[in-house]
Amino acid sequence: MAKILIPTPLRPYTDKQDAVDASGTTVGELLADLTRRHSGLKAHLFNDQGKLRSFVNVYVNDEDIRYLQKEQTPVNASDTVSIIPSVAGGVDTVEDVRRSHLGRLGEPLTNDEVKRYSRHLIMPEVGVDGQRKLKASKVLCIGAGGLGSPVAMYLAAAGVGTLGIVDFDTVDFSNLQRQILHGTPDVGRPKLASAKDKLHALNPEIDIQTYEVALSSQNAMQLFEPYDVIVDGTDNFPTRYLVNDACVLLGKPNAYGSIFRFEGQASVFATKDGPCYRCLYPEPPPPGLVPSCAEGGVLGVLPGLIGVIQATEAVKLIMGIGEPLIGRFLIYDALRMRFRELKLRKDPDCPVCGTHPTVTKLIDYEQFCGITPAAPEPAAVNHATEITSVELKQRLDRGDRPRIVDVREPNEYQINRIPGSELIPLGDVPKRYGELNPDEEIVVHCKMGGRSAKAADFLRSVGFKRVLNLKGGILDWIDKVDPSQPKY
Amino acid sequence: MSDRRLTLGARVDEVIRRHGEETYPHECCGALVGRGDGVTDAVALPNTTEEGPRRRFLVRPSDYRLAEQRATELGGELLGFYHSHPDHPAKPSQYDLDHAWPTFAYVIVAVAAGASQAMTVWFLKDDRSIFEEGSLQHGENSHPDPAQTVHG
Chain A
1 MAKILIPTPL RPYTDKQDAV DASGTTVGEL LADLTRRHSG LKAHLFNDQG
51 KLRSFVNVYV NDEDIRYLQK EQTPVNASDT VSIIPSVAGG VDTVEDVRRS
101 HLGRLGEPLT NDEVKRYSRH LIMPEVGVDG QRKLKASKVL CIGAGGLGSP
151 VAMYLAAAGV GTLGIVDFDT VDFSNLQRQI LHGTPDVGRP KLASAKDKLH
201 ALNPEIDIQT YEVALSSQNA MQLFEPYDVI VDGTDNFPTR YLVNDACVLL
251 GKPNAYGSIF RFEGQASVFA TKDGPCYRCL YPEPPPPGLV PSCAEGGVLG
301 VLPGLIGVIQ ATEAVKLIMG IGEPLIGRFL IYDALRMRFR ELKLRKDPDC
351 PVCGTHPTVT KLIDYEQFCG ITPAAPEPAA VNHATEITSV ELKQRLDRGD
401 RPRIVDVREP NEYQINRIPG SELIPLGDVP KRYGELNPDE EIVVHCKMGG
451 RSAKAADFLR SVGFKRVLNL KGGILDWIDK VDPSQPKY
Chain B
1 MSDRRLTLGA RVDEVIRRHG EETYPHECCG ALVGRGDGVT DAVALPNTTE
51 EGPRRRFLVR PSDYRLAEQR ATELGGELLG FYHSHPDHPA KPSQYDLDHA
101 WPTFAYVIVA VAAGASQAMT VWFLKDDRSI FEEGSLQHGE NSHPDPAQTV
151 HG
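Residue numbers (this note's numbering), protein chains in the order written: chain A, 1 to 488; chain B, 1 to 152.
Watch out, some of these pointers could steer you wrong.
Unchecked claim - Derived DSSO-like pairs (lysine-lysine); straight-line CA-CA distance at most 30 Å:
(1) A:272 with A:138
(2) A:487 with A:393
(3) A:480 with A:465
(4) A:431 with A:454
(5) B:125 with A:16
(6) B:125 with A:42
(7) A:198 with A:138
(8) B:125 with A:272
(9) A:316 with A:196
(10) A:70 with A:51
(11) A:272 with A:51
(12) A:198 with A:487
(13) A:51 with B:91
(14) A:138 with A:346
(15) A:272 with A:343
(16) B:91 with A:42
(17) B:125 with A:3
(18) A:346 with A:51
(19) A:138 with B:125
(20) A:115 with A:316
(21) A:51 with A:343
(22) A:42 with A:272
(23) B:125 with A:316
(24) A:138 with B:91
(25) B:125 with B:91
(26) A:138 with A:196
(27) A:115 with A:138
(28) A:115 with B:125
(29) A:316 with A:198
(30) A:272 with A:361
(31) A:272 with B:91
(32) A:51 with B:125
(33) A:70 with A:316
(34) A:138 with A:361
(35) A:42 with A:138
(36) A:316 with A:346
Since the hints were made in silico from the structure, they are not lab data.
This one's a predicted model, so the numbers in the text were calculated from it and none came from an experiment.
Whenever a hint applies, use it, and build me the whole structure from the sequences.
Here it is as structure tokens:
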């Protein structure tokens with residue numbers, strides 16, 4: 001048993017006594033017993049994480065426990081323990097305002113909300129306060145696609161009060177394999193429309209804000225401003241750098257995720273002391289080096305896992321619990337079912353979050369990523385190097401038999417093909433062009449015309465006389481000539 | 001709005017204002033001593049913040065103890081603290097809220113370009129969610145809030 005001296009502002013919680021007894025052999029045990037006996041004290045002495053608040057000073061006799069063994073400081077019956085306030089305040093800095101958005105308590109919960117969130121409320125780590133923080137929070141989801149789907153669904157279900165979604169796409173059949181916000185009847189609808197329906201059905205209590213715009217340097221700051229956490233579910237480098245930089249400039253945490261084929265990545269960027277995406281990747285990869293999901297494919301279940309990690313981090317940041325994925329870069333390999341974690345440090349030379357930033361406002365991210373705006377497709381066909389699908393069909397109908405070489409991959413060839421074509425994947429062309437006759441007329445094609453243009457250039461460089469690239473690839477062939485075949 | 005009120009006794013209003021003007025552009029801070037809801041004395045304390053006194057104040061534990069002692073010497077009790085907001089409104093900040101103690105009265109005086117403006121009083125709600133504004137009154141022989149008189 002030891003005596004604890006109670007300061008004036010806390011005496012209403014100790015029946016006006018200025019000294020009370022509590023038992024324990026360390027300061028920590030003593031304080032725990034004190035708050036058991038006088039429960040009103042707890043919120044004022046300890047923060048949500050159960051740590052002593054910074055302005056609460058505990059002295060054993062005349063020593064601050066910070067200079068002893070903190071809460072492990074031993075006490076015996078002859079010691080006097082005092083709780084002594086520091087009194088602090090002032091006007092808010094930008095940093096305080098940022099911080100205050102996260103973790104502010106919202107309105108009290110309604111009875112319906114108590115029922116809905118009861119599995120949260122019964123966990124002391126969340127509790128009513130945690131749920132009220134979720135209710136007061138505002139999260140902006142960039143994209144309502146593969147990652148955005150699970151992110152938005154779980155955040156809506158968890159009771160994030162305001163959920164914003166930015167997307168300008170419409171639902172396509174090829175989205176349905178992974179973008180679970182959208183269903184088959186939604187094909188052709190704006191993604192935001194089906195997202196709103198699905199999320200409202202899931203949780204009508206929350207406010208869903210939709211922004212049908214392409215995120216750009218002109219609108220990003222304004223869009224992000226009202227939100228506490230940004231969840232990056234984008235699928236391209238210019239937008240990824242844009243989201244990162246806007247988050248750093250506004251001081252908003254970025255729950256980042258990305259997916260490709262069988263691999264996913266996740267981290268939390270742009271927190272006060274943590275690294276940002278540019279600390280990891282100061283420069284974007286050369287354009288075309290890293291293919292998109294549309295080009296390289298993606299395992300349908302993968303965005304589910306990565307998106308749920310992003311949603312988990314957003315919820316933790318809002319409630320201020322656990323160990324956030326800050327300064328850690330998580331890499332997930334679905335095929336091997338393995339997680340790896342890389343340590344990330346804030347780069348003092350980072351151009352946007354370093355000590356002497358050179359990027360102080362949003363830039364042109366297309367240009368930064370080496371992507372020049374696509375020149376308008378010349379309407380005219382260059383008959384020396386190209387052929388249209390309609391022309392090819394007419395020639396086949398006339399009995400012409402040019403050799404048709406499909407330079408896609410075997411799995412693509414399994415999906416659809418031009419009758420009579422043979423398969424030589426682009427990567428094999430240099431070692432297999434001997435199978436072709438350089439004097440013969442050859443039509444090369446791929447999915448959309450990009451890879452086959454490379455193959456045509458190569459064949460010409462090794463002396464082929466007449467090589468024609470099928471403009472628009474097999475997709476154009478299916479559109480104009482053979483709609484019976486499936487597209488991918 | 002809190003239903004609590006605080007009455008500033010003679011000269012207390014003036015002492016707080018003058019302290020805020022003297023330390024401008026830095027924040028001033030001090031203790032409020034009295035009985036019940038009546039403040040009889042404002043005790044100036046040093047601002048020991050290490051985060052930049054233009055935006056912050058800190059009364060360290062040793063000065064807090066002095067304030068309690070002084071209150072006893074004056075025959076009263078510690079009712080709360082005052083501080084100034086240089087070039088900012090007399091409203092509590094998030095930082096004020098994050099660091100607030102229950103029960104105490106928090107008097108804030110706005111000081112704009114060296115001249116004191118509005119003065120307000122705030123009390124922390126028991127669940128720590130917000131500060132509620134109390135009514136600040138002036139006892140006998142005390143000046144009314146000059147900012148309110150001028151800009152009323």
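Violations among the numbered hints, reported as their numbers in ascending order: none
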